[in-house]
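2 protein chains.
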Amino acid sequence: MIDLIFLGTGSAVPLSHRNLSGTALLRKGEIFLFDCGEGTQMQFRRAGLKPSKLRYVFISHFHGDHLFGLPGLLTSLQMANLRQVVHLFGPKGIAEYIRFHQDLCNFGFDYVLHIHEIDEHTPATLWQTSEFHIEWQPMQHRLFTLGFALSEAPRPGKFDVQRADALGVPNGPERGKLQNGESVMLANDAQIHPHQVLGPPRAGVKIAYCIDTSPCAGQEQLARNADALIADSTFPASEQVWAHQTGHSTTTDAAEVAKRCGVQQLFLTHFSGTVGPADLPSLVEEARVIFPNAIAATDLARFKILPKL
Amino acid sequence: MIDLIFLGTGSAVPLSHRNLSGTALLRKGEIFLFDCGEGTQMQFRRAGLKPSKLRYVFISHFHGDHLFGLPGLLTSLQMANLRQVVHLFGPKGIAEYIRFHQDLCNFGFDYVLHIHEIDEHTPATLWQTSEFHIEWQPMQHRLFTLGFALSEAPRPGKFDVQRADALGVPNGPERGKLQNGESVMLANDAQIHPHQVLGPPRAGVKIAYCIDTSPCAGQEQLARNADALIADSTFPASEQVWAHQTGHSTTTDAAEVAKRCGVQQLFLTHFSGTVGPADLPSLVEEARVIFPNAIAATDLARFKILPKL
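From first to last, the protein sequence lines are chains A and B. Heads up: take any position in the first sequence, counting from 1, add 89, and you land on my numbering. Heads up: take any position in the second sequence, counting from 1, add 89, and you land on my numbering.
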């Protein structure tokens with residue numbers, strides 16, 4: 090299970106009720122932040138997220154509404170005397186962006202900041218642990234823009250108590266070992282293997298983040314079988330021509346991608362300043378005609394993303 | 090009369106109830122912005138200020154809590170398709186800061202942005218019109234830091250109706266001309282000069298902005314006879330040693346300057362994150378022992394600054 094928290098759901102210019110791009114995922118106590126528009130660190134705190142839990146920051150592209158909150162966020166971590174390791178991923182140039190601010194303002198980091206620059210030659214898999222991996226794909230925007238997906242590794246299958254009873258597995262530590270993928274030897278010298286008592290492996294959660302893009306192959310690849318697709322939905326369906334000209338998507342673009350890619354839940358976000366709060370219900374309806382499980386994100390809204398059953 | 094609006098009254102790290110440095114003056118429909126920490130453009134809108142009225146921006150120094158909101162503010166003016174003239178004043182290096190962001194994010198300005206870089210050789214008077222002038226002085230901080238003062242030119246004296254009646258000035262356009270400083274000829278060929286019907290010239294409003302400084306000569310010069318002194322008051326009196334080591338002032342430092350310089354009203358601001366909202370009354374009391382007319386600024390608080398009678 091991963092918590093999805095929208096920090097800012099607007100684009101270009103902040104509104105009184107809508108901040109600039111920033112989306113957090115909270116997984117097993119670690120925070121993944123996608124984009125960092127101005128004000129993201131304030132929204133981060135308003136959402137009750139702890140700066141000390143921030144581990145990964147992903148910047149999609151060099152437009153201010155996705156970027157200009159980054160220097161403040163990084164210096165605030167420093168001033169809070171945190172000593173964590175933070176991995177920052179972004180387009181080539183992100184290291185110089187940080188260095189420029191450090192030189193101008195004469196600050197350093199006592200925490201460990203690993204900067205990972207991405208260009209068109211960077212392999213799709215950016216980061217891999219035993220529990221999850223992060224991949225990127227190019228988006229279709231007015232400048233080099235990254236989409237991201239976080240995919241958990243499959244989890245072991247469900248423990249079949251009846252089958253374990255029938256095989257004579259005692260109610261003890263043997264069951265825990267089997268659940269964790271280890272074979273065990275019973276008192277009667279019978280060897281029991283995990284596949285005998287576990288159901289088929291269960292899929293982990295996959296979440297795709299594709300903001301500032303018109304429909305494109307990279308988005309489809311990231312969205313494939315995602316449990317949650319956080320999708321550019323800057324404009325209503327009626328403005329599709331303008332949306333595509335400016336490297337954006339509409340409600341119905343997002344819904345069509347979600348439908349084609351077998352997505353579980355679609356989150357529309359990155360709304361234009363011309364979309365008021367009262368417009369959101371009709372925007373969601375446009376998407377639901379094509380893909381029923383669509384939701385319009387609002388600032389500080391929080392969702393739990395569960396794996397497929 | 091000038092409106093003084095506090096946009097952010099914190100320092101270093103934003104709190105949920107306190108934004109980073111930003112202070113606006115509104116004078117005859119023109120806005121003067123002093124410092125632009127992250128989130129200033131959002132606070133600007135929350136205060137009901139119109140971006141189209143922004144004319145002058147002053148950056149005191151290159152610490153993020155005074156600076157990192159500037160790229161977002163300037164790009165938002167562009168995206169709003171405004172066509173005004175904006176004058177930006179800041180330490181030498183501010184032009185490169187803007188240019189770096191323009192190059193990285195590939196944006197231009199269709200409005201006119203005049204950048205005025207200041208170094209130790211820059212004359213004290215930065216800007217002069219027939220109605221007001223702006224001066225700067227160096228502050229005492231950990232890096233080159235500017236304090237500012239806006240001083241209105243004296244206004245013509247009060248029109249003395251009884252004296253005008255006695256001199257035979259008719260109730261017509263002659264009185265308006267005299268009020269505006271012009272001599273007039275009456276029907277009986279008598280010439281009347283302004284000084285015959287006007288009281289002594291009345292002082293304009295003076296407002297001094299001295300943030301991120303320990304007590305210093307530059308601050309005293311700017312604060313001299315100010316109607317409002319917006320003063321660094323990062324720490325309570327008990328932390329004076331630490332305050333001065335870090336280039337800051339305490340409540341009592343600010344009050345002593347206000348007292349020595351004949352200030353009308355003292356506004357304490359730029360509070361440390363260790364100062365909670367409940368601490369403000371005791372901080373104000375510390376200052377009032379020395380200088381009774383002291384107020385603790387809070388975000389979005391608005392004051393009218395009147396000239397001396």
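The set of hints was computed from the structure by calculation and includes no laboratory data. This structure is a prediction, so every number in the text was calculated from the model and none was measured. Watch out, some of these pointers could steer you wrong.
No distinction is drawn between identical chains; accordingly, a pair holds when it is met within one copy or between any pair of copies.
[Said to hold, decoys possible] In the SDA-like style, the derived pairs of lysine to any residue whose C-alpha atoms are separated by at most 25 angstroms in a straight line are: (1) Lys142 / His210; (2) Lys139 / Thr363; (3) Lys181 / Gly197; (4) Lys142 / Leu104; (5) Lys142 / Ser105; (6) Lys139 / Arg107; (7) Lys142 / Pro290; (8) Lys142 / Thr363; (9) Lys266 / Ser371; (10) Lys181 / Phe196; (11) Lys397 / Leu177; (12) Lys181 / Gln191; (13) Lys181 / Asn195; (14) Lys117 / Lys247; (15) Lys139 / Asn382; (16) Lys247 / Gln285; (17) Lys181 / Cys194; (18) Lys393 / Leu193; (19) Lys266 / Ala306; (20) Lys139 / Ala367; (21) Lys181 / Arg252; (22) Lys142 / Val330.
Task: Within, between, both or neither, where Lys139 and Arg107 count as close if Cα-Cα is 25 angstroms or less - done: both (21 angstroms within a copy, 18 angstroms between copies)
Task: Up to 25 angstroms CA-CA - Thr363 versus Lys139, copy category - done: Intra 33 angstroms, inter 18 angstroms, cutoff 25 angstroms: inter-copy only.
Task: Intra- versus inter-subunit Cα pairing at 25 angstroms for Lys142 with His210 - done: Answer is neither: 31 angstroms inside a copy and 46 angstroms across each miss the 25 angstroms cutoff.
Open item on the list: For Lys142 and Pro290, with the copy left unspecified, which applies at a CA distance of at most 25 angstroms: within, between, both, or neither?
Closed with: The answer is neither: 29 angstroms in one copy and 62 angstroms across copies each exceed 25 angstroms.
Open item on the list: At most 25 angstroms between CA atoms: does that hold for Lys397 and Leu177 within a copy, between copies, both, or neither?
Closed with: Neither. Shortest intra-copy (29 angstroms) and inter-copy (54 angstroms) distances fail the 25 angstroms Cα cut-off.
Task: Identical-chain pair category, Lys117 with Lys247, by Cα at 25 angstroms - done: So Lys117 and Lys247 pass the 25 angstroms test inside one copy only (20 angstroms; across, 72 angstroms).
TODO: Can you give me the call for Lys181 and Gln191, within, between, both or neither, at a CA distance of at most 25 angstroms?
DONE: both (17 angstroms within a copy, 16 angstroms between copies)
Task: Alpha-carbon proximity context of Lys139 and Ala367, limit 25 angstroms - done: Result: close only across copies, 23 angstroms inter versus 32 angstroms intra.
TODO: Give the relationship of Lys266 and Ser371 under a CA distance limit of 25 angstroms: within one copy only, between copies only, both, or neither.
DONE: For Lys266 and Ser371, neither the intra-copy (52 angstroms) nor the inter-copy (61 angstroms) Cα distance is at most 25 angstroms.
- [ ] Using 25 angstroms as the alpha carbon limit, work out where Lys181 and Cys194 are close: within a copy, between copies, both or neither.
- [x] Result: close both inside a copy and across copies, 22 angstroms intra and 13 angstroms inter.
- [ ] Have a look at Lys142 and Ser105 and pick one of within, between, both or neither, based on CA distance no larger than 25 angstroms.
- [x] between (28 angstroms within a copy, 18 angstroms between copies)
- [ ] At 25 angstroms max between alpha carbons, let me know whether Lys181 reaches Arg252 within a copy, between copies, both or neither.
- [x] neither (54 angstroms within a copy, 76 angstroms between copies)
Of the hints listed earlier, those the structure fails to meet are numbers 1, 7, 9, 11, 15, 18, 19, 21 and 22, in rising order.
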